[in-house]
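*Asks:* Here's the letter readout for the chains.
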Amino acid sequence: GDSVTQMEGPVTLSEEAFLTINCTYTATGYPSLFWYVQYPGEGLQLLLKATKADDKGSNKGFEATYRKETTSFHLEKGSVQVSDSAVYFCALLHGTASKLTFGTGTRLQVTL
Amino acid sequence: GAVVSQHPSRVICKSGTSVKIECRSLDFQATTMFWYRQFPKKSLMLMATSNEGSKATYEQGVEKDKFLINHASLTLSTLTVTSAHPEDSSFYICSAERGREGIEQFFGPGTRLTVL
Numbered sequence: 009g010d011s012v013t014q015m016e017g018p019v020t021l022s023e024e025a026f027l028t029i030n031c032t033y034t035a036t037g038y039p040s041l042f043w044y045v046q047y048p049g050e051g052l053q054l055l056l057k058a059t060k061a062d063d064k065g066s067n068k069g070f071e072a073t074y075r076k077e078t079t080s081f082h083l084e085k086g087s088v089q090v091s092d093s094a095v096y097f098c099a100l101l102h103g104t105a106s107k108l109t110f111g112t113g114t115r116l117q118v119t120l
Numbered sequence: 010g011a012v013v014s015q016h017p018s019r020v021i022c023k024s025g026t027s028v029k030i031e032c033r034s035l036d037f038q039a040t041t042m043f044w045y046r047q048f049p050k051k052s053l054m055l056m057a058t059s060n061e062g063s064k065a066t067y068e069q070g071v072e073k074d075k076f077l078i079n080h081a082s083l084t085l086s087t088l089t090v091t092s093a094h095p096e097d098s099s100f101y102i103c104s105a106e107r108g109r110e111g112i113e114q115f116f117g118p119g120t121r122l123t124v125l
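Protein chains in written order, with my numbering: chain A, 9 to 120; chain B, 10 to 125.
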């Protein structure tokens, strides 16, 4: 079945550091890929998405490129801020049933 | 737009009682809603898919009689945890699909259930 693997956290960075959170997936065909962010005490929010190979999703300085050849969708940001501290979930959507498959989440802690 | 609310945000109950959690789409109609369970330091696990006016579709391993789901209107779905036990303590999250767009789900803030 479908699965998503994320790097384990927590990831601790200083403000303005470069961020990479790795995400790889297993699925047949061409799923849509997502990054969701969960701020403390809040629900998940869609951060960015890509629906086909080589698409780049971007939002709020975050980027991720849908790499079919490596089945990856790594999240990057050039300069993180304290306000980016949250849990980040990689997910895929496959098939017509709208079922999202999530990774385990990666907690990011940004310090001054 | 596309706001989903959940009520209550936290609930503590005694073992053996039932608890109802509401999920509402506040500014759009949701033909499909989803219920997830999130364990500490683990991912969200889909419990069931709820379509307005029809029976919910449960994922393998989820007890239908334990977790009752009702999607009575296009803006409201409820999850009732019946005869709750301490192992049911968890974070329950709902999401809603706007219309038939399919590609994006909007998530509620979650409900923390603690069963004593």
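It should be emphasised that the hints constitute simulated quantities derived from the structure, not laboratory data.
Every residue gets a Cβ at the ideal spot worked out from N, C-alpha and C, and that includes glycine.
Incorrect hints may have been included.
[To be verified] Examples of chain A residues toward chain B, derived with CB under 7 Å:
1) 51
2) 52
3) 70
4) 77
5) 80
6) 111
7) 112
*Asks:* All hints are to be evaluated individually against the structure, with a verdict given for each.
*Replies:* The hints, checked one at a time:
no.	hint	verdict
1	51	holds, 4 Å
2	52	holds, 4 Å
3	70	violated, 17 Å
4	77	violated, 23 Å
5	80	violated, 18 Å
6	111	holds, 6 Å
7	112	holds, 5 Å
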